[in-house]
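Chains as they are written, first to last, in our numbering: chain A, 1 to 125; chain B, 1 to 125; chain C, 1 to 125; chain D, 1 to 125.
Just so you know, these hints were derived from the structure itself, not from any lab.
Incorrect hints may have been included.
[Stated by the list, open to error] If you only want the chain C side, here are some residues facing chain D, beta carbon under 7 Å, derived:
1) Arg68
2) Arg69
3) Thr70
4) His72
5) Ile73
6) Arg74
[Claimed, not checked] Taking CB as the label site, the calculated pair distances span:
7) C:His86 <-> A:Lys82: 24 to 30 Å
8) C:Thr88 <-> D:Ala19: 52 to 58 Å
9) B:Thr79 <-> C:Ala19: 26 to 32 Å
10) A:Gln3 <-> B:Gln55: 29 to 35 Å
11) A:Gln55 <-> B:Lys82: 45 to 51 Å
12) B:Asp77 <-> D:Gln55: 27 to 33 Å
13) B:Glu47 <-> A:Thr64: 51 to 57 Å
14) A:Thr79 <-> C:Pro85: 26 to 32 Å
15) B:Ser53 <-> D:Asp97: 49 to 55 Å
16) C:Ala67 <-> B:Lys82: 52 to 58 Å
Predicted, not measured: the structure shown is a model, and the values here were computed from it.
In this text, a Cβ means the ideal position worked out from N, Cα and C, and glycines have one as well.
Here is how the chains run, residue by residue.
Number of protein chains: 4
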Amino acid sequence: MSQSIGSTCWAIAEGYIPAYSNGPEPQFTSHETVCILNAGDSDAHVEMTIFYSDQEPVGPYQVTVPARRTRHIRFNDLTDPKPIPHDTDFASVIRSDVPIVVQHTRLDSRQSENALLSTIAYASN
Amino acid sequence: MSQSIGSTCWAIAEGYIPAYSNGPEPQFTSHETVCILNAGDSDAHVEMTIFYSDQEPVGPYQVTVPARRTRHIRFNDLTDPKPIPHDTDFASVIRSDVPIVVQHTRLDSRQSENALLSTIAYASN
Amino acid sequence: MSQSIGSTCWAIAEGYIPAYSNGPEPQFTSHETVCILNAGDSDAHVEMTIFYSDQEPVGPYQVTVPARRTRHIRFNDLTDPKPIPHDTDFASVIRSDVPIVVQHTRLDSRQSENALLSTIAYASN
Amino acid sequence: MSQSIGSTCWAIAEGYIPAYSNGPEPQFTSHETVCILNAGDSDAHVEMTIFYSDQEPVGPYQVTVPARRTRHIRFNDLTDPKPIPHDTDFASVIRSDVPIVVQHTRLDSRQSENALLSTIAYASN
Numbered sequence: 001m002s003q004s005i006g007s008t009c010w011a012i013a014e015g016y017i018p019a020y021s022n023g024p025e026p027q028f029t030s031h032e033t034v035c036i037l038n039a040g041d042s043d044a045h046v047e048m049t050i051f052y053s054d055q056e057p058v059g060p061y062q063v064t065v066p067a068r069r070t071r072h073i074r075f076n077d078l079t080d081p082k083p084i085p086h087d088t089d090f091a092s093v094i095r096s097d098v099p100i101v102v103q104h105t106r107l108d109s110r111q112s113e114n115a116l117l118s119t120i121a122y123a124s125n
Numbered sequence: 001m002s003q004s005i006g007s008t009c010w011a012i013a014e015g016y017i018p019a020y021s022n023g024p025e026p027q028f029t030s031h032e033t034v035c036i037l038n039a040g041d042s043d044a045h046v047e048m049t050i051f052y053s054d055q056e057p058v059g060p061y062q063v064t065v066p067a068r069r070t071r072h073i074r075f076n077d078l079t080d081p082k083p084i085p086h087d088t089d090f091a092s093v094i095r096s097d098v099p100i101v102v103q104h105t106r107l108d109s110r111q112s113e114n115a116l117l118s119t120i121a122y123a124s125n
Numbered sequence: 001m002s003q004s005i006g007s008t009c010w011a012i013a014e015g016y017i018p019a020y021s022n023g024p025e026p027q028f029t030s031h032e033t034v035c036i037l038n039a040g041d042s043d044a045h046v047e048m049t050i051f052y053s054d055q056e057p058v059g060p061y062q063v064t065v066p067a068r069r070t071r072h073i074r075f076n077d078l079t080d081p082k083p084i085p086h087d088t089d090f091a092s093v094i095r096s097d098v099p100i101v102v103q104h105t106r107l108d109s110r111q112s113e114n115a116l117l118s119t120i121a122y123a124s125n
Numbered sequence: 001m002s003q004s005i006g007s008t009c010w011a012i013a014e015g016y017i018p019a020y021s022n023g024p025e026p027q028f029t030s031h032e033t034v035c036i037l038n039a040g041d042s043d044a045h046v047e048m049t050i051f052y053s054d055q056e057p058v059g060p061y062q063v064t065v066p067a068r069r070t071r072h073i074r075f076n077d078l079t080d081p082k083p084i085p086h087d088t089d090f091a092s093v094i095r096s097d098v099p100i101v102v103q104h105t106r107l108d109s110r111q112s113e114n115a116l117l118s119t120i121a122y123a124s125n
């Protein structure tokens, strides 16, 4: 059923974790998510690097996405090597040892009604 | 007028059916949609596989998109081999025997004002 | 300053004009827009075909995007050969005699607060 | 840690700065943003050209994105050679002397609850 799909290097130029939230947690916590699909039969060892406007990149943040699994990772939850500050512009590069598919989603619940955005990330060849 | 456009393999790394809704149904039912365009002159036999974070993929879900037609399919409505649970992260791979174009849309109506997201899916070569 | 950018064939698998609106017109009229950029030095003669779930495609809708111009066209405003029905799923294929760039946006103002979606369309090679 | 990713020519067919805003500034000022990631080790000298529906393109707007940095630039803030009018359709072409990744985001706060859209821009080859 499984077959490797995607690319081994992806980039997301947008990144911003809103500073506050409204509504029941964790579903309505304002968050920035990187959705990773590993449709292949080998585990994906993924390294994410976070880029900022005014300091050197931070990383790698290491994540394993097992074979035939998806993981939707909130940037909010990344802590090692260090958390991503809120209300700060960032961008990210996602590298994997096997092909994966990457999509970027934000839920912004700073106001009483939430807002959503999503886009497939940029696949580098 | 018609000519085959697209790819035979697509992936959507994001997937999430909100657990509840507000507003008149079915337009305002929270939903996650895969929009498929078959611009060619042969029917498209489409197989979708759903990937999860903590279990083996489920599928194939089989859908036919007739020649020169579009179908906007709510993941909520897929039942065979089994329904997709709500409030659960998933991802999907869409394969077809002829080229199609795939786009992903969500309407989230958990709050009184809805939110929307959409992106062209990832076309595998 | 100008140079031709893009593709001569694009597809948008999602299409849906909400049936009603809230807020001041025309900015807050619910609409589905195809944004076309012609960055080159020749006028683009564009033909759009609309695909449905239950009838043959309708078109071509003919639009000219002059050299070095952009046009943001609401599907709501297309009338020749015939208007697109509201509250109906559709998809579109956009062909041009010179390279263009196509992006798809929706403003949904059915509720008192609007919702937005946008994605670059699928570029066929 | 760094490696050049992306393309040297990008296009965004959608562009529109809402005419007014709600909520605390600057976070909730209605804005249209171009997010640029320069993941490489050389500074990116970026030139943006703005296209309109009814006049010749304006530009170049010059921006430097230092090596290993991201910049999220609001079209609202571009002033040289001249500001972009509000409530006006536009499009943009972004060229760089080194590979970059470009993403387009809008926050529309004309109503009391904001709306968001985002998409990876079109990468020209």
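Violated hints - listed by number, lowest first: Per hint list: 5, 6, 7, 8, 10, 12, 13, 14, 15 violated.
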